[in-house]
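Colleague: Quick mapping for you: the protein sequence lines, in order, are chains R and A.
FYI, the numbering for the first sequence is 2 to 279, going by the numbering used here.
FYI, the numbering for the second sequence is 87 to 420, going by the numbering used here.
Keep in mind the hints are simulated off the structure, nothing from the lab.
Remember, it's a predicted structure, so these values are computed and weren't measured experimentally.
No residue lacks a Cβ here, since even glycine has one placed at the ideal position from N, Cα and C.
Be aware that a few hints might be false.
Said to hold, decoys possible - To give a feel for the contact side, a few chain R residues facing chain A, derived at Cβ under 8 angstroms:
#, residue
1, Met13
2, Ile23
3, Pro27
4, Phe73
5, Ala97
6, Met131
7, Tyr133
8, Lys134
9, Met137
10, Leu146
11, Ile149
12, Ala150
13, Leu250
14, Ala273
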Amino acid sequence: MRRSSSIKKIFMLAVCIVLLVISLLPFAIMLVNSTRSTTQIQQHAVSLIPSSYLMKNLAVLLGKSFNPAVGFFNSAIISIGTTALATYFSTMTAYALVVYEWKARDGFFKFILAIMMIPAQITMIGFYQMVYKVHMTNHLSMLILPAIASPAMVFFMRQYMVGALSLEIVQSARIDGAKELFIFNKIALPIMKPAIATQAIFTFVSSWNNLFTPLVLLTDQKKYTLPIMISLLRGDIYKTEYGAVYLGLALTALPLIVVYFLLSRYIIAGVALGSVKG
Amino acid sequence: MKRLKKKNNFSYAKYGYLFSLPFVITYIIFSLYPTLYTALIGFTDLKGIGKTDFHFLWNDPFQNFRTVLLSPTFQTAFKNTVVLWISNFIPQMALALLLAAWFTDRRTKIPGTGIFKVIFYMPNIITAATVAILFNALFGYPMGPVNDLLVRFGILKEPFNFLIKKGSAQGIVIFIQTWMWYGYTMIVLISGILGISPDIFEAAEVDGANGWQIFWKITLPNIKTILLFTLVTSLIGGLNMFDIPKLFLLGGPDNATMTTSVFIYNQAFSGAYLYNRAAAASMIMFVIIVSASALLFWLMRDKDEEALKKLKKKQMKAVKKEKEVAQYETQLIH
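With the hints as constraints, model all of the structure from the sequences given.
Modeller: Below, the structure written as structure tokens:
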């Protein structure tokens, strides 16, 4: 009995270690190759030893249309804006659903449940035509403002708020003469902090990684987001510049990897929480 | 006093409307209107770069829908989307279930589960665009890293061009999708399993159930809702698959990795800028996604609960009948 269980344990560990290697290897190859010259990569594409061509690769990379700084800047504006608007207004909508009694409330909640699963991508043609008509393509605001209406997040916030916010606190603040918006900002929002933090991480990441919408709306190189910048690495101009391509990929992946390891505990807990509540 | 309270309640109701107003306005402008507009464009002749004016196809309103449905490229794209989704979902789910069962096993504890969870989930947060181009480089021919390894370890005699063969190109897309998503699914399932009351597991152990039996008879039935949740979210994501197929091989070779989203994008934003066809294709996908998720919810509905409801109805009927019979009898007697 004991022996069979330790054999089982070794087998499990072995499988996990194989998966670990498969998860990490592509990134390891990417990081090492970003320091190697194209000739070195062509001779042996896999090496564990970094070389000294990092700066040369960087020069080649930046010498062409790839401009990670612009991509970073635009992606940061969009992701921060999206995250701030989505979390604030979703919490506010959830507050309306939990705290107040109004006639259309139940109908509104059912409506949110119904539209929650509809992917934005599917209505992109109408969205593009609408934005184009009012000459707002290449405006980053068109990628940020829609975040005010995030049905799935409203649902999550509502489920969380029902358990976390007691109506008595709201009531006593009213007796103290506080205005409704003040109560929301100063009492409800702080109570919702854990839920907001979880949702903020995922909204930020998915906005940062979004390719489809920016690709449709942004045609001006100065407005390109990071994923569009990355897609330029696929172009013919980098076809033979292996080292530079690996470096470009590494530059876009490395910040995410670092932030991920710093926040991994919260992110993993957030995934689990999201699924249970959802 | 009572009156005062009522008055207060009345004045608060308006805040419910006020606080949900930003959501409603934004939703109408940025979601509802574009949805209706997309549906509308599907019935028009709107095409050509930068065009916004259109005419309805009064003679043959469903022309775009028919053209799309009969187009061999759309059919291929749809078939690919379904094949790519199913063949990444099954291994992803199997792997996630296995790992979730292992990581929550009460008898055999694996060391380092924390690190494994963190690493397995990591590919999911990396930009899909980066991942797609990275794999394009990894499978490069003749001297990409994968070919380098396969030749060096003697598995292949000479480099294989993975990127121009239909089967291997699809296989790599399936691999990337599985690789990016099994960690996420695993964490979701683990949280589901941890939510099951430990008493049930203890009772099963006392009754002498083995690990296999516990998994099939207790763990799986108890995480049914979470399985449905992952199934539906994965289905919707899968039917919208865009970043990886678009950037890995631009839908090729020979449309082998062309998905419906890539088809829609290519129709609307390249070549002849056929907004109307793309809109028709979008609406077809919209209907498919909504009906597929509705079907899943219906299939996975709580059958026990429904059976209970039916039983109750039957009992009520029986009681009613009995009552009627009794009444009839009493009437007869009198």
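Colleague: If you test the structure against every hint from before, which numbers come out violated?
Modeller: 4, 9
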